[in-house]
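Student: All you need for this note's numbering is the position in the sequence shown, starting with 1, plus 32.
No lab work stands behind these hints, which were simulated from the structure alone.
Don't take every hint at face value.
Unchecked claim - Derived pair list, reagent style DSSO-like, types lysine-lysine, alpha-carbon separation capped at 30 Å:
#1 LYS163 - LYS214
#2 LYS411 - LYS49
#3 LYS309 - LYS411
#4 LYS411 - LYS428
#5 LYS37 - LYS428
#6 LYS428 - LYS119
#7 LYS79 - LYS428
#8 LYS37 - LYS309
#9 LYS79 - LYS119
#10 LYS79 - LYS49
#11 LYS119 - LYS49
#12 LYS163 - LYS119
#13 LYS79 - LYS411
To be verified - Each pair of labels, with its calculated beta carbon distance range:
#14 GLU223 - THR373: 20 to 26 Å
#15 GLN150 - ASP295: 54 to 60 Å
#16 GLN150 - MET33: 44 to 50 Å
#17 GLY228 - ASP433: 23 to 29 Å
#18 GLY228 - GLY312: 41 to 47 Å
#19 SER254 - ASN120: 21 to 27 Å
#20 PRO263 - LYS163: 32 to 38 Å
#21 SER64 - ARG311: 49 to 55 Å
#22 GLY293 - ARG236: 52 to 58 Å
#23 THR373 - ARG236: 34 to 40 Å
#24 PRO241 - ASP433: 29 to 35 Å
#25 ALA341 - SER240: 54 to 60 Å
#26 ARG316 - ASN120: 22 to 28 Å
Bear in mind that the values here come from a model prediction, so they are computed numbers and not experimental data.
Glycine included, C-beta positions come from ideal geometry on N, C-alpha and C.
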Amino acid sequence: MAQPKVIVNLYPVLPAKDEADRAARRPLGRESALYQRVIHEMTDIVKAADELGAWGVSTIEHHLHSEGYEVSPNPGVLNAYWASQVKNARLGALGYVIGTRDPIRVAEEMAILDHLTQGKYFAGFARGYQKRWTSILGQYTDLQATVSDGSEDDRANREIFEERVDQILTCWTEESVAFEGKYYQAPYPYETGVEGFPATDVARRLGSPNEIDENGAVRRVSVVPAPFQQPHPPVFTAVSGSIESIGFCSDRGIVPVYFTGLDGMVEMAHHYVDRGKERGRNYRLGERQCVVRWPHFAQNDAEARRILAERDEEFYRNHYGAFFPALIEGATDMVQRMLDTGLFPIGTVEDQVAYWQALLDRVPCEFLCLIWHYAQAPKQTVIDELELFMTQVLPKLDVPDFPDWGQDTPRGPQ
Numbered sequence: 033m034a035q036p037k038v039i040v041n042l043y044p045v046l047p048a049k050d051e052a053d054r055a056a057r058r059p060l061g062r063e064s065a066l067y068q069r070v071i072h073e074m075t076d077i078v079k080a081a082d083e084l085g086a087w088g089v090s091t092i093e094h095h096l097h098s099e100g101y102e103v104s105p106n107p108g109v110l111n112a113y114w115a116s117q118v119k120n121a122r123l124g125a126l127g128y129v130i131g132t133r134d135p136i137r138v139a140e141e142m143a144i145l146d147h148l149t150q151g152k153y154f155a156g157f158a159r160g161y162q163k164r165w166t167s168i169l170g171q172y173t174d175l176q177a178t179v180s181d182g183s184e185d186d187r188a189n190r191e192i193f194e195e196r197v198d199q200i201l202t203c204w205t206e207e208s209v210a211f212e213g214k215y216y217q218a219p220y221p222y223e224t225g226v227e228g229f230p231a232t233d234v235a236r237r238l239g240s241p242n243e244i245d246e247n248g249a250v251r252r253v254s255v256v257p258a259p260f261q262q263p264h265p266p267v268f269t270a271v272s273g274s275i276e277s278i279g280f281c282s283d284r285g286i287v288p289v290y291f292t293g294l295d296g297m298v299e300m301a302h303h304y305v306d307r308g309k310e311r312g313r314n315y316r317l318g319e320r321q322c323v324v325r326w327p328h329f330a331q332n333d334a335e336a337r338r339i340l341a342e343r344d345e346e347f348y349r350n351h352y353g354a355f356f357p358a359l360i361e362g363a364t365d366m367v368q369r370m371l372d373t374g375l376f377p378i379g380t381v382e383d384q385v386a387y388w389q390a391l392l393d394r395v396p397c398e399f400l401c402l403i404w405h406y407a408q409a410p411k412q413t414v415i416d417e418l419e420l421f422m423t424q425v426l427p428k429l430d431v432p433d434f435p436d437w438g439q440d441t442p443r444g445p446q
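Work out the full structure: start from the sequences and follow the hints.
Tutor: This is the structure:
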């Protein structure tokens, strides 16, 4: 048996005393001095996670948060900086909203990060659910945000996502590539290739084979550098309830990151295993599975309610509630509604051990992704609670000793 691998997911929630204070200082997301303090204090949390033995530290991609709730527009820059600050922790993002990005650029950027971390990088992709910014940054593919509702926008969003993830995997695993995708082509224009490239003779002699056709057009391209890890870094993707996403992940050995309740996760984790068997892959239940939770420590119910009210309630009500109205619909006591979701384990060390072991008894997840709404939750509070989790809770949790990453990992889309 082994302990689950802990990922600490960080994104600055610029702090305010309450919603009235946030309104009085609007737009808080542009308060430069506050961001300066928060972004550097976040490095202290990254270092602490590394010293405490976390498997990984990640961040997210979201843009245009004038309210200050998720001020994390560039995960790659943070990962590159953090690479100079840690010794053992892996670094990554959960994840890049891939429909708004060029897949070749992402493949290149992540390969460089894999080298900067000397093979301690993990990739993460997401479909995008925040329309304010996905519609703008994704305008070249007419990307629309989705909450997995089965609509036409949801279908198109999935098509773009799956096409680009497969293209990135191919960039990492093939010496040269040519993409005739519905949403992205390379070389471009695909029908003729790139004509008029002056260095065709050099590319023929020194580049990858078959880049240049008999007429001197660029017909394939070689995406460099190749990743440090082979066949590629571990890949994660955020899911919130779509069974189709689980099939896509299982076929490619991608780790689904569950932002869901326990019953839904159990169903999807079993589907991951069953789908693998259909494709000749023998996953064990819990292998390549990652569950997300927002933990806190408290000595009694009154303290638990106060902590949630101070650190999480405004974010839950105004942010999660806006995108997923069912989370708050009909709630007269928002803190109680948060507790009822089961997503915010809070209590003593003994309560935390009982909560997590009950969860792992149903799905022995290889990865636990822990989120504190830093910096609404202060830096030292996050470090202290993380230390409690790593030293007093995690040692009492058991999951199977799953294979190291890289074993039984497909080389690109299957």
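Student: Now tell me, hint by hint, if it's right for this structure.
Tutor: Taking the hints in turn, this is what the structure says about them:
1. LYS163 - LYS214: 22 Å, holds
2. LYS411 - LYS49: Holds - the C-alpha atoms of LYS49 and LYS411 are around 15 Å apart, at most 30 Å.
3. LYS309 - LYS411: Violated: LYS309 and LYS411 sit about 44 Å apart, past 30 Å.
4. LYS411 - LYS428: 26 Å, holds
5. LYS37 - LYS428: Given pair LYS37, LYS428 holds - Cα atoms ~13 Å apart, limit 30 Å.
6. LYS428 - LYS119: With Cα atoms ~25 Å apart, LYS428 and LYS119 stay inside 30 Å; holds.
7. LYS79 - LYS428: Distance of about 24 Å is within 30 Å: holds.
8. LYS37 - LYS309: The hint holds at about 24 Å.
9. LYS79 - LYS119: 9 Å, holds
10. LYS79 - LYS49: Answer holds: LYS79 to LYS49 is near 27 Å, not above 30 Å.
11. LYS119 - LYS49: Measuring from Cα to Cα gives roughly 35 Å; hence the hint is violated.
12. LYS163 - LYS119: 37 Å, violated
13. LYS79 - LYS411: Holds, at roughly 12 Å.
14. GLU223 - THR373: 20 to 26 Å: Because 51 Å falls outside the window, the suggested range is violated.
15. GLN150 - ASP295: 54 to 60 Å: Taking Cβ atoms as reference, GLN150 and ASP295 lie about 40 Å apart, which means the hint is violated.
16. GLN150 - MET33: 44 to 50 Å: Between GLN150 and MET33, where Cβ atoms are some 29 Å apart, the hint is violated.
17. GLY228 - ASP433: 23 to 29 Å: The hinted range 23 to 29 Å is violated for GLY228 and ASP433, with Cβ atoms some 56 Å apart.
18. GLY228 - GLY312: 41 to 47 Å: Cβ of GLY228 to Cβ of GLY312: about 46 Å, so the range 41 to 47 Å holds.
19. SER254 - ASN120: 21 to 27 Å: 33 Å, violated
20. PRO263 - LYS163: 32 to 38 Å: 35 Å, holds
21. SER64 - ARG311: 49 to 55 Å: Holds, at about 50 Å.
22. GLY293 - ARG236: 52 to 58 Å: For GLY293 and ARG236 the Cβ distance comes to about 57 Å; the hint holds.
23. THR373 - ARG236: 34 to 40 Å: 60 Å, violated
24. PRO241 - ASP433: 29 to 35 Å: 42 Å, violated
25. ALA341 - SER240: 54 to 60 Å: 58 Å, holds
26. ARG316 - ASN120: 22 to 28 Å: 26 Å, holds
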